[in-house]
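With chain F fixed as given, assemble chain V onto it according to the hints.
So the sequences go chain by chain: F and V. Mind the numbering: the first sequence is residues 1 to 258 in the numbering used here, read in order. Mind the numbering: the second sequence is residues 1 to 250 in the numbering used here, read in order.
Check before you lean on any hint, since a few could be wrong.
Taking lysine-lysine and the DSSO-like style, the derived pairs with C-alpha atoms no more than 27 angstroms apart in a straight line are [stated by the list, open to error]:
(1) F:K112 <-> F:K57
(2) F:K111 <-> F:K132
(3) V:K13 <-> F:K45
(4) F:K207 <-> F:K222
(5) F:K222 <-> F:K253
(6) F:K57 <-> F:K213
(7) F:K213 <-> F:K253
(8) V:K225 <-> F:K213
(9) V:K217 <-> V:K104
(10) V:K225 <-> F:K45
(11) F:K74 <-> F:K111
(12) F:K251 <-> F:K207
(13) F:K57 <-> V:K13
(14) V:K217 <-> F:K74
(15) V:K13 <-> F:K74
(16) F:K157 <-> F:K74
(17) F:K45 <-> F:K207
(18) F:K114 <-> F:K57
(19) F:K45 <-> V:K217
(20) F:K244 <-> F:K258
(21) V:K6 <-> F:K45
(22) F:K45 <-> F:K213
(23) V:K225 <-> V:K104
(24) V:K13 <-> V:K225
(25) V:K6 <-> F:K57
(26) F:K253 <-> F:K207
(27) F:K45 <-> F:K57
Since the hints were derived computationally from the structure, they do not count as laboratory data. Remember, it's a predicted structure, so these values are computed and weren't measured experimentally.
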Amino acid sequence: MIEISNITKSFGEQRVLTDVSTVFEAGKTNLVIGISGSGKTVLMKIMTGLMTPDTGKVHFNGRDFFALSRNDQKNLRREIGMLFQGSALFDSMTVEENVMLPLNMFSNATKKEKLDRVNFCLERVNLAGANKKFPGEISGGMKKRVGIARAIVLNPKYLFCDEPNSGLDPRTSIVIDDLIIEITREFNMTTIINTHDMNSVMEIGEKIIFLYKGVKDWEGDKSQILDVTDENLNSFIFASDFLKDARDALKEKIARNK
Amino acid sequence: MKIEFKLFEHLGKFLIMIRRMFSRPARWEMYWRELFRQMNDIGVGSAFIVLLVSIFIGAVTAVQTAYQLYGTPFVPSSYIGLIVRNTIIFELAPTFTALILAGKVGSNLASELGSMRVTEQIDALEIMGVNTESYLIATRIIAAVITIPVLVAIAAYSGIMGGYIATSLSSNYSTEDYVRGIRMLFDPFDVQLMFIKSFTFSFIVSSISCYMGYYVKGGSVEIGKASTQAVVYSCIFVLLADYVIASLLL
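The following block holds chain F by itself, in its conformation from the complex:
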């Protein structure tokens, strides 16, 4: 479980986050949504310790991250896996070497044990056999899956995904979403996902927080999205006529079924 309380962050005169508090539960896919510039990425960087908040706290199962020593922060970070928007794979390394890097850095396992673990993670993301390919030789969707494999190789308790579907076609986006939700349940991780993708919101949003201009504007789950009255959230989620029509049709269908 990750609990954030009263997070505020400014860059110079510009306030990016204002008093954001919430709890992200283990075994659930927690979504942070909002328009570009709403502070999602900054919030994620604060939660992962890549940025320091002006005020506020981040607790990982009761441990206040910013009150820990630099060494303890590093140890805690080994419990964190992160999938970056651009995958952040090391270009000079093969897929296998990329996934093995955290093990080489921190695990005392033998070479064979490490290789077995890498192969298990690659199979888990349906990339068995891609070990010797370089990031430049694989597609965007495959890069994301390698990123997920690398993120879970050390059995993290917390998984952060920054825009996992950006730049992917709808079918590949669904594959990535399914993978994230399966992994979250399988390993009982606390998963936090920044996303713009409406399909993800409707499919995997077990908990959703909506940021608007750096303020937590709404909090709920996917079942509440259709009936939401928050104007900012409505105009964000149902931005196009197509999505408004889809919402109305879905509401009618639910009403008929009742």
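Chain V alone, transformed into the frame defined by chain F:
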């Protein structure tokens, strides 16, 4: 006032970066591997250009020295070798090599680290719990401090050999005089000074370039700017350090 503030901000960030480099690595094996990879890139990768440039610099220095001494009755022709040797050991080998490497290695370090920063690879390492200052920067600086003095020694030798080749191609001077000149009035301190300079310059070039790349913010334009700034500031500080070392030690 604003410029002074920026200067102190950069100095502070630079010193913090250097301090954080000295933390115990999580796994020595990974650091050794990265160190040897960098030594190969910086040292072996630059050997050819250093060799080529220094041979020509030595040859040109010999030809031009010979031209200036031509017809001078009171200066023996063996002084060509002496002047070439001293010019190369004192100045051309360490300083010229550092300036060449500021362009080749400096821009490469800054753009490599800058790209890693922009594509979030450094963030990825941070989140894994890796001390990136130690893993990415210390390995590069140590690799540079080990390999650049070796390149400088190669440059000194090949520069003097370049002078020998130029002399052997000239009908006006004999190679025997050149060799006699090289051996004349030799003081081992000259070589010590060359190595003091080369260690200092290698630290300057690598640390400034790593700093510029590591703290890049933005995209490809900023990486280009950081790369250019790495070369410019490295050259300026190398020349400044050259003057300071010469003033203090000579």
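Cross-check of the supplied hints:
no. : hint              : result
1   : F:K112 <-> F:K57  : 41 angstroms, violated
2   : F:K111 <-> F:K132 : 16 angstroms, holds
3   : V:K13 <-> F:K45   : 20 angstroms, holds
4   : F:K207 <-> F:K222 : 7 angstroms, holds
5   : F:K222 <-> F:K253 : 17 angstroms, holds
6   : F:K57 <-> F:K213  : 20 angstroms, holds
7   : F:K213 <-> F:K253 : 34 angstroms, violated
8   : V:K225 <-> F:K213 : 32 angstroms, violated
9   : V:K217 <-> V:K104 : 22 angstroms, holds
10  : V:K225 <-> F:K45  : 26 angstroms, holds
11  : F:K74 <-> F:K111  : 24 angstroms, holds
12  : F:K251 <-> F:K207 : 21 angstroms, holds
13  : F:K57 <-> V:K13   : 25 angstroms, holds
14  : V:K217 <-> F:K74  : 23 angstroms, holds
15  : V:K13 <-> F:K74   : 20 angstroms, holds
16  : F:K157 <-> F:K74  : 14 angstroms, holds
17  : F:K45 <-> F:K207  : 19 angstroms, holds
18  : F:K114 <-> F:K57  : 35 angstroms, violated
19  : F:K45 <-> V:K217  : 15 angstroms, holds
20  : F:K244 <-> F:K258 : 21 angstroms, holds
21  : V:K6 <-> F:K45    : 25 angstroms, holds
22  : F:K45 <-> F:K213  : 17 angstroms, holds
23  : V:K225 <-> V:K104 : 15 angstroms, holds
24  : V:K13 <-> V:K225  : 18 angstroms, holds
25  : V:K6 <-> F:K57    : 30 angstroms, violated
26  : F:K253 <-> F:K207 : 24 angstroms, holds
27  : F:K45 <-> F:K57   : 13 angstroms, holds
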